[in-house]
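Read top to bottom, the protein sequences are chains A and B.
So the first sequence is numbered by the numbering used here: it starts at 1 and just counts up by one.
So the second sequence is numbered by the numbering used here: it starts at 1001 and just counts up by one.
Treat the hints with care, since some could be wrong.
Here are the simulated DSBU-like cross-link-like pairs (lysine-lysine), alpha carbons at most 35 Å apart as the crow flies [as the list claims (entries may be wrong)]:
hint : chain 1 : residue 1 : chain 2 : residue 2
1    : A       : 34        : A       : 380
2    : B       : 1140      : B       : 1263
3    : A       : 240       : B       : 1266
4    : A       : 370       : A       : 380
5    : B       : 1202      : A       : 34
6    : A       : 100       : B       : 1202
7    : B       : 1053      : A       : 34
8    : A       : 100       : B       : 1053
9    : A       : 36        : A       : 253
Computed spacing ranges between beta-carbons, pair by pair [said to hold, decoys possible]:
hint : chain 1 : residue 1 : chain 2 : residue 2 : range
10   : B       : 1212      : A       : 328       : 54 to 60 Å
11   : A       : 466       : B       : 1235      : 54 to 60 Å
12   : B       : 1023      : A       : 316       : 25 to 31 Å
13   : B       : 1154      : A       : 529       : 38 to 44 Å
14   : B       : 1158      : A       : 419       : 34 to 40 Å
Source of the hints: derived by calculation from the structure; they are not laboratory data.
Backbone N, C-alpha and C define an ideal beta-carbon position, used for all residues, glycine too.
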Amino acid sequence: MANYYTDHPEIGFHLNHPLMRRIVELKERGFSEKEKYAEAPVDYEDCIENYRRLLEIAGDIAANVIAPNSESVDLEGPHLENGRMIYASKTFENLEATRKAGLWGLTMPRRYGGLNVPNVVFSMASEVVSAADSSFQNIWSLQSCCDTLYEFGSEEQRRRFIPRICAGETMSMDLTEPDAGSDLQSVMLKATWSEEEGCWLLNGVKRFITNGDSDIHLVLARSEEGTRDGRGLSMFIYDKRQGGVNVRHIEHKLGIHGSPTCELTYKNARAELCGERRLGLIKYVMALMNGARLGIGAQSSGLSQEAYNEAVRYAAERAQFGQTINHFPGVYDMLSRMKAKLDAGRSLLYQTARYVDIYKALEDIQRERKLEPEERAEMKKYTRLADAFTPLSKGMTSEYANQNAYDAISVHGGSGFIMEYKCQRLFRDARIFSIYEGTTQLQVVAAVRYITNGTYLSIMREMLEEPVLGELEPLKERVASMVDTYEKSVAAVKEAGDQEVQDFLARRLYDMTGEIMMSLLILADATAAPDLFLRSAKVYVRMAEETVAGKSAYIFSFDKEELPSFRAVEE
Amino acid sequence: MSLKIVVLAKQVPDTRNVGKDAMTPEGTVNRAALPAIFNPDDLNALEQALRLKDKHPGSTVGVLTMGPPRAGEIIREGLYRGADTGWLLTDRLFAGADTLATSYALATAIRKIGEVDLVIGGRQAIDGDTAQVGPQVAQKLGLNQVTYAEEILKIENRVATIRRHIDGGVETVEVPLPVLVTVNGSAAPCRPQNVRLVMKYKYATCPLERPADDPRADLYAERDYLTLNQWSVADVGGDPAQCGLAGSPTKVKSVQNIVFQAKESKTLTASDADIEGMIRELLDEKIIG
Chain A
1 MANYYTDHPE IGFHLNHPLM RRIVELKERG FSEKEKYAEA PVDYEDCIEN YRRLLEIAGD
61 IAANVIAPNS ESVDLEGPHL ENGRMIYASK TFENLEATRK AGLWGLTMPR RYGGLNVPNV
121 VFSMASEVVS AADSSFQNIW SLQSCCDTLY EFGSEEQRRR FIPRICAGET MSMDLTEPDA
181 GSDLQSVMLK ATWSEEEGCW LLNGVKRFIT NGDSDIHLVL ARSEEGTRDG RGLSMFIYDK
241 RQGGVNVRHI EHKLGIHGSP TCELTYKNAR AELCGERRLG LIKYVMALMN GARLGIGAQS
301 SGLSQEAYNE AVRYAAERAQ FGQTINHFPG VYDMLSRMKA KLDAGRSLLY QTARYVDIYK
361 ALEDIQRERK LEPEERAEMK KYTRLADAFT PLSKGMTSEY ANQNAYDAIS VHGGSGFIME
421 YKCQRLFRDA RIFSIYEGTT QLQVVAAVRY ITNGTYLSIM REMLEEPVLG ELEPLKERVA
481 SMVDTYEKSV AAVKEAGDQE VQDFLARRLY DMTGEIMMSL LILADATAAP DLFLRSAKVY
541 VRMAEETVAG KSAYIFSFDK EELPSFRAVE E
Chain B
1001 MSLKIVVLAK QVPDTRNVGK DAMTPEGTVN RAALPAIFNP DDLNALEQAL RLKDKHPGST
1061 VGVLTMGPPR AGEIIREGLY RGADTGWLLT DRLFAGADTL ATSYALATAI RKIGEVDLVI
1121 GGRQAIDGDT AQVGPQVAQK LGLNQVTYAE EILKIENRVA TIRRHIDGGV ETVEVPLPVL
1181 VTVNGSAAPC RPQNVRLVMK YKYATCPLER PADDPRADLY AERDYLTLNQ WSVADVGGDP
1241 AQCGLAGSPT KVKSVQNIVF QAKESKTLTA SDADIEGMIR ELLDEKIIG
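Work out the full structure: start from the sequences and follow the hints.
Dropping the structure here:
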């Protein structure tokens, strides 16, 4: 029987990474819960086995429930009934299967009913769900909002809300408004404290809210009257059982039809503050977004896999000029690049997830006890790495998902343009990945400081010290020379000393950063598992070389005087 | 009202994915070439049992199976989905059983389990396709039986209301407990394995399944639920002469590959004339005899 996890050993490979020992050690606190919970692991091997079993179940449900439902979900979509959003009928089946399987509250501590798995494992489950239906992945993976509720909510709030998520109630993060998209500082939804009711009341409108009719919402609202910027915003928990929030409209979208995108009206909706006032945007939403960006990375990786699978299958069956089309260089060039982007993007995703896991686990331990100096240093190191890698991985994997979906259609030829084939849905679904949770352009903005301050460069240099498979030595030398070119390119941009030039060229530097980093990661993966990754390593490094040569040429010859030719024309 | 439910389940070779080497030259199933799976109809049966457990708090579901030690996997599969316990009938004396000897063994075990309200099994197994074991068990235990069930709609005052799949439609029947039910493949599919239960029971094994140098031996001593019930002929107080090959009057003479060529089907009524005509035809065609 098909299984989206076991059918792709490239995913499970990442459970073997050396950092997993540290992650498990931190997450399980020395396996101290084994006496209390029958499902808690007794040692490292047992823990990894638990992860594997969880992923096999996710892979089974993805392949045998969610994927067969995906076409019907795409065609039916959700609808509006008396201010309530009703999912597509098969979405309910998907939810039921994930609930029966216990695939909710994955990352939450066991004492609240969770499974205490790290982000690496959550991302893997997320990836296989997305491969089956990325619109359902939205609904399911929003459970990760719970991380923010856990981190910043009170103990009493944790006890009240987290067990409900672990039992399968859904979540949403209500951030965007008609006039506050990428610029969340402009959020206007009003929160007023009511002495009479003894709670906060929310009034206003939110737009583009994914799964907006969820059971438990995290809401960004303006609690400080008279303020206009991010410092006047706080985060609130709205429980649907309270009433006061209605769905006014469900958007008609290009893709991810099964994922309801709602416009919400708040009329004296009773809500409670989560964390401290005024920290809503500057602290909590940033945490929320970082988690969500990792989620989109997983969503992208899953779709990239599915697009590749569809293309490979079709190319092996379709014959023209007397042979199947996968024998033509023009076709296998596409297929091999798709696979290389898939493997490299996935490697970047899990590298990021590992960094996030280590610092988050240490942060959590810090809530229980004072950290040792070396633990504090470790936390600081991995926080910085996670901050640097999250925008890189979100942007690169989401762009790759789009490229793979595009190429999957190209491989299908005319059939790819026909609605009967799955690749058209993948193409439509992928389009939003590089837009929501921060557009690629915003990921570049988030990453640029780590480009200019040399964070990425020093990681590249460090990774170049690692030994690789003999066969890969020449490739590694080419990557080393790419790193030199990269360093010169960054210097050239900095020397220009002009903010507009730097902002304009940042995307080129970002792409170079991503592809060099992934070259180094895929070399390491191919060294550890040549059977799985040797081909992709060879294809990918060559591809990155092409990028680095092109982008650096662009940068080296760029002159500030050229900007007027690019600037928007005033009418 | 809480119920005590026993689910009959069988580990079978996955005959749905048959390759070239699925049969041995001797005409028996080549078990080594086919993956061993939970018999599909039995999964439908398990789901019906688990739904009753959901509806009637305090109910218990146990999975009863017969087979070699590795059939312990069937009990684990049940535990992963919400069953409370299980019993593996395993003994060389049980081996080679036809449907008569199988139903004898199962009936003897159910008697030992005792005070069972419902026995629920799949309609038939995909390796033998006989659909005989369920009814035979009911007969031996003197239980009411409902076959081809699609849904156990409700149980009130110890009366079960069951919807059956019949030719050209459905039929709803009422039957007093205790009852044996065989469930059709068209019934609701079984729920998925539950992550938490898998984590809990993944090392649950019958003693005979365990290697001598089992790395998890320490855990078995600490956690009772990791040791599955394993019963021999003697454990259930069975008569060896009625078990396994010794108790099986069915002898396979030969097995042949047949290719169906007829394109149409015939509909016969339940009249004596039609049945006699059918038997005569089958004898003439040497299909039976």
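Between residue 1140 of chain B and residue 1263 of chain B, is the straight-line Cα distance small enough, at 35 Å or below? 40 Å, violated
Does residue 34 of chain A lie within 35 Å of residue 1202 of chain B when you go C-alpha to C-alpha? 15 Å, holds
So the hint says 38 to 44 Å: do the beta-carbon atoms of residue 1154 of chain B and residue 529 of chain A match that? Given range 38 to 44 Å: violated, Cβ gap about 54 Å.
Residue 34 of chain A paired with residue 380 of chain A [C-alpha distance capped at 35 Å]: Measuring from Cα to Cα gives roughly 30 Å; hence the hint holds.
Between the alpha carbons of residue 36 of chain A and residue 253 of chain A, is the straight-line distance 35 Å or under? Given pair residue 36 of chain A, residue 253 of chain A is violated - Cα atoms ~47 Å apart, limit 35 Å.
Hey, residue 1053 of chain B versus residue 34 of chain A, does the alpha-carbon distance stay inside 35 Å? OK: residue 1053 of chain B and residue 34 of chain A at ~28 Å, within 35 Å.
Given pair status - residue 1202 of chain B, residue 100 of chain A, alpha carbons within 35 Å: 18 Å, holds
CB of residue 1212 of chain B to CB of residue 328 of chain A, is that within 54 to 60 Å? 56 Å, holds
Does residue 240 of chain A pair with residue 1266 of chain B here, judged by a C-alpha cut-off of 35 Å? Since the Cα atoms of residue 240 of chain A and residue 1266 of chain B sit roughly 59 Å apart, the hinted pair is violated (cutoff 35 Å).
When you check the alpha-carbon spacing of residue 370 of chain A and residue 380 of chain A, does it fall within 35 Å? Satisfied, since the Cα-Cα distance of roughly 14 Å is no more than 35 Å.
Does residue 1053 of chain B sit within 35 Å of residue 100 of chain A, going by the straight-line distance between their CA atoms? 14 Å, holds
With 25 to 31 Å as the target window, see if residue 1023 of chain B and residue 316 of chain A comply at their CB atoms. 30 Å, holds
Of the numbered hints given earlier, the model fails hints 2, 3, 9, 13, 14; all others are met.
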